[in-house]
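*Asks:* Sequence:
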Amino acid sequence: MTMTRIWDALRPVRTVVFYAMLVFVAAGMLVPFLWMVTTSLKPAGSVFTYPPQIFPTTFDFGSYRRLFTLVPFGRYFLNTLIVTALTVVGQVAFCSTAAYAFARLSFIGRKAFFVLFLATMMIPFQVTMIPLFLLVFKLGWVNSYVGLVAPGISSAFGIFLLRQAFMTIPRDYQDAARIDGAREWTVFFRIFLPLAKPALATVSVFAFMGTWNDLLWPLLVSRDEEHRTLELGLAYFNASSSAFQQPNWPLMMAASVVVLLPVLLVYVFAQRYFVAGIALSGVKG
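According to numbering that gives the first Met the number 0, the stretch in the sequence shown is residues 0 to 284, in order.
A couple of the hints might just be wrong.
As the list claims (entries may be wrong) - So the derived label-pair ranges between C-beta atoms look like this:
(1) F93 x V114: 17 to 23 Å
(2) R271 x A19: 25 to 31 Å
(3) R4 x V126: 56 to 62 Å
(4) F93 x L69: 17 to 23 Å
(5) N237 x V12: 19 to 25 Å
(6) A43 x V16: 27 to 33 Å
(7) Y266 x A181: 33 to 39 Å
Don't read these hints as lab results, they were simulated from the structure.
For every residue, glycine included, the Cβ atom is placed at its ideal position computed from N, Cα and C.
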């Protein structure tokens, strides 16, 4: 029996081993999330009981009620929702129009400008952080929603991803629309945007996750609780809780669940478009 036949004969075994490895890796990633959720539902004195208990004997939702009474987490949640929504809308609007210009419009220096945009992806945020803060400070946007939103409404990665998606759309659609008398904006809104929904969803998911989980920029711009975001509020809350001799772990895990849950929900609902957008599965012609 040749090696090829032996390899084909072991296909069921290889399949079982492969899926067993996937289950093991998935379990290793899910256990910390499971521990976080179950700890948030435990009484404060039963977190470090021995032997350890993954699931509590009684579910206590008091940590979630105390969370919104001890600190203004509702305000933090609303601030984060406003900043994230405006950033996502801004990125979709700015990145899609810029990507359409780079993909289908002809102008002097188009390739050079696009290379410059791609080059900015290699510059870490820590390099531009101080100049960006000085600009926001000079404009009077510190401690405001504008200061939190404005630096994130454009993304070189989003422009690159949408440009690649627009490049996959057949030019025949564009030419046919122009023959029918459609103007540039009509071609953009009626043809390119509907056909690039997976890529648009991908940009939206990346913008949502990046803005929702951002800590550094709100830490620089926000000066009071009225403009604090969830991540910043969670950082202050953890720091204040750690100042005590024994931190309230169920309360801290409840705060972590509140911060993490919207990101998981957005990813679950947008997963189909997200995977399609990453694969750049536009209309092929």
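*Asks:* For every hint, state whether the structure bears it out.
*Replies:* Going down the list of hints, with the structure as the test:
A hinted range of 17 to 23 Å for the beta carbons of F93 and V114 is consistent with their spacing of about 19 Å. Hint check: R271 to A19, Cβ distance near 27 Å, so the stated range 25 to 31 Å holds. For the pair R4 and V126, the supplied restraint of 56 to 62 Å holds, since their beta-carbon distance comes to about 57 Å. Remark: the range hint 17 to 23 Å for F93 to L69 is contradicted by a beta-carbon distance near 39 Å.
Distance hint for N237 and V12: a CB-CB separation of about 47 Å, inconsistent with the stated range 19 to 25 Å. Between A43 and V16 the beta carbon distance is about 43 Å. The supplied range of 27 to 33 Å is therefore violated. A beta carbon spacing of about 36 Å between Y266 and A181 agrees with the range 33 to 39 Å that was offered as a hint.
In this structure, the earlier hints numbered 4, 5, 6 are contradicted, and the remaining ones agree with it.
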